[in-house]
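Undergrad: Quick mapping for you: the protein sequence lines, in order, are chains A and B. Going by this note's numbering, the first residue of the first sequence is number 1, and it counts up by one from there. Going by this note's numbering, the first residue of the second sequence is number 1001, and it counts up by one from there.
Simulated from the structure, these hints should not be mistaken for laboratory data. Misleading hints may appear alongside valid ones.
To be verified - Only pairs whose alpha carbons sit at most 25 Å apart, straight line, appear in this in silico SDA-like list of lysine to any residue:
1. K149/A <-> C116/A
2. K1083/B <-> R1190/B
3. K204/A <-> S1203/B
4. K106/A <-> K132/A
5. K54/A <-> E1019/B
6. K54/A <-> K106/A
7. K1181/B <-> G1098/B
8. K1158/B <-> E160/A
9. K204/A <-> V1024/B
10. K132/A <-> D1028/B
11. K1094/B <-> Q75/A
12. K1094/B <-> K204/A
13. K106/A <-> R1190/B
14. K1045/B <-> K149/A
15. K132/A <-> G1098/B
16. K1133/B <-> G1167/B
17. K66/A <-> Y51/A
18. K54/A <-> I1048/B
19. K1133/B <-> Q75/A
20. K1133/B <-> K149/A
21. K66/A <-> L185/A
22. K204/A <-> P128/A
23. K132/A <-> A1134/B
24. K106/A <-> R1194/B
25. K149/A <-> D1028/B
26. K149/A <-> G1009/B
27. K1158/B <-> D1127/B
28. K54/A <-> K1158/B
29. K1181/B <-> V34/A
30. K149/A <-> S1192/B
31. K1181/B <-> S1203/B
32. K1045/B <-> T46/A
33. K1045/B <-> G1009/B
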Amino acid sequence: MSGHHHDHDHDDVDAGPPLDDLQLRVRALESLLVDKGLVDPTALDTLIDTYETKVGPRNGARVVAKAWIDPKYRQRLLENASTAIAELGYIGRQGEDMVVLENTPKVHNMVVCTLCSCYPWPVLGLPPVWYKAAPYRSRAVIDPRGVLKEFGVTVPDDVEVRVWDSTAELRYLVLPERPAGTEGLREEQLAELVTRDAMIGTGKVEAPRPKAKR
Amino acid sequence: MNGVHDMGGMHGLGPVEPEPNEPVFHHDWERKVFALNLATGFIGKWNIDMSRYSRELMPGPEYLRTSYYEHWLYGLELLLVEKGLITVEEMRSKRPAGPAPDGLRVLRPDDVPRRLRAIRAARMDEDVPAKFKAGEGVVARNIHPMGHTRLPRYARGKRGVIDRDHGVFIYPDAHAAGLGKQPQHCYSVRFSARELWGAEASSRDAIYIDLFEPYLDPA
Chain A
1 MSGHHHDHDH DDVDAGPPLD DLQLRVRALE SLLVDKGLVD PTALDTLIDT
51 YETKVGPRNG ARVVAKAWID PKYRQRLLEN ASTAIAELGY IGRQGEDMVV
101 LENTPKVHNM VVCTLCSCYP WPVLGLPPVW YKAAPYRSRA VIDPRGVLKE
151 FGVTVPDDVE VRVWDSTAEL RYLVLPERPA GTEGLREEQL AELVTRDAMI
201 GTGKVEAPRP KAKR
Chain B
1001 MNGVHDMGGM HGLGPVEPEP NEPVFHHDWE RKVFALNLAT GFIGKWNIDM
1051 SRYSRELMPG PEYLRTSYYE HWLYGLELLL VEKGLITVEE MRSKRPAGPA
1101 PDGLRVLRPD DVPRRLRAIR AARMDEDVPA KFKAGEGVVA RNIHPMGHTR
1151 LPRYARGKRG VIDRDHGVFI YPDAHAAGLG KQPQHCYSVR FSARELWGAE
1201 ASSRDAIYID LFEPYLDPA
């Protein structure tokens, strides 16, 4: 875009030059594709809206809560994750072939994609920046316990850490341990406790703090 | 290819930095790059393995210096030209020199839910005999193909055990090169942390890697 002169008055907004360049480069590519009839702009909006507002880790949290409440569902989930997750309506792109990994008092599972950014979209949405970035991708396989510690998760020595590198088209969801003290909670209340990181395996699910007595 | 995208086990790439309450996208151009990738991908001129390979072709120093959706943008621009949807001149001038070829399946808003909810992708029904079964020892081949591969460098030459056979899938190495689907068994292979990283690693821990049959020899 060099040689282009702008006389509008937004040149001094916060974004540094690289972002401005990117914004312009992408805008130009988008209009080129739209002008050529290769892309329908309304379809772009629908795609963005889907992953920004409709698909996200709340889906996975419902799967986890149901597995905690319903032992038969848990069994189906561990035996054939794709169909069990589809029972709740979560299907499709980047979640076609799902595997659920159950954390237990003896095994802690965590998921990475060292080669790119493979992640189970229908249940977790699009991955966070750290999951796609070099530090996590490089370190998760060689120093999983160190990485977990930085996430605030200390795994005792007698617990086995299993790291799953999503190098093919299988997509992994961790079924975290149900925390003690949640026996009386309903499925929807349990789902609210389940974090995205717990389903990647870089977090644990915490019981709600007891309400302070007044 | 032995690119910088193949990061497993590298040191010195900085701390993991989770962002509390992270938005799905940080900039409007990221939204657009994401959606343009999906929308043009659905036209069907390339497959997901070609998409991944196109991002791997970004020169290493640039890949490390840039953010995730810049990798996607790089790969997209490459594929649009390589697969003939945009000419080099159009990419340079950012002005259309003529209409797109007839008969392309352009993604319409009404198609989006159906396309995103398709439940078949890389798994195949082909009856391919499996060379390995769960519990058998294997060694990952020490190969260094110039093209796309999903055998990470840190596993090459290492011994593991078949944890499970996931079934038959499109073989990405061939698919990325335009050589067809060449269905292959894909296995989850368990490598002990010590086999991969030496005596300093935990004796208890393990890395499970999804590997296609052509990557493996009997141990």
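Undergrad: Against this structure, judge whether each hint is valid.
TA: Evaluated hints:
no. : hint                : result
1   : K149/A <-> C116/A   : holds (23 Å)
2   : K1083/B <-> R1190/B : violated (38 Å)
3   : K204/A <-> S1203/B  : holds (23 Å)
4   : K106/A <-> K132/A   : violated (28 Å)
5   : K54/A <-> E1019/B   : holds (21 Å)
6   : K54/A <-> K106/A    : violated (35 Å)
7   : K1181/B <-> G1098/B : violated (33 Å)
8   : K1158/B <-> E160/A  : holds (20 Å)
9   : K204/A <-> V1024/B  : holds (22 Å)
10  : K132/A <-> D1028/B  : holds (19 Å)
11  : K1094/B <-> Q75/A   : violated (54 Å)
12  : K1094/B <-> K204/A  : violated (48 Å)
13  : K106/A <-> R1190/B  : holds (17 Å)
14  : K1045/B <-> K149/A  : violated (44 Å)
15  : K132/A <-> G1098/B  : violated (37 Å)
16  : K1133/B <-> G1167/B : holds (11 Å)
17  : K66/A <-> Y51/A     : holds (23 Å)
18  : K54/A <-> I1048/B   : holds (23 Å)
19  : K1133/B <-> Q75/A   : holds (23 Å)
20  : K1133/B <-> K149/A  : violated (35 Å)
21  : K66/A <-> L185/A    : holds (12 Å)
22  : K204/A <-> P128/A   : holds (17 Å)
23  : K132/A <-> A1134/B  : violated (31 Å)
24  : K106/A <-> R1194/B  : holds (19 Å)
25  : K149/A <-> D1028/B  : violated (33 Å)
26  : K149/A <-> G1009/B  : holds (17 Å)
27  : K1158/B <-> D1127/B : violated (29 Å)
28  : K54/A <-> K1158/B   : violated (42 Å)
29  : K1181/B <-> V34/A   : violated (31 Å)
30  : K149/A <-> S1192/B  : holds (21 Å)
31  : K1181/B <-> S1203/B : violated (38 Å)
32  : K1045/B <-> T46/A   : holds (21 Å)
33  : K1045/B <-> G1009/B : violated (34 Å)
Hint violations for this structure: numbers 2, 4, 6, 7, 11, 12, 14, 15, 20, 23, 25, 27, 28, 29, 31 and 33, all remaining hints satisfied.
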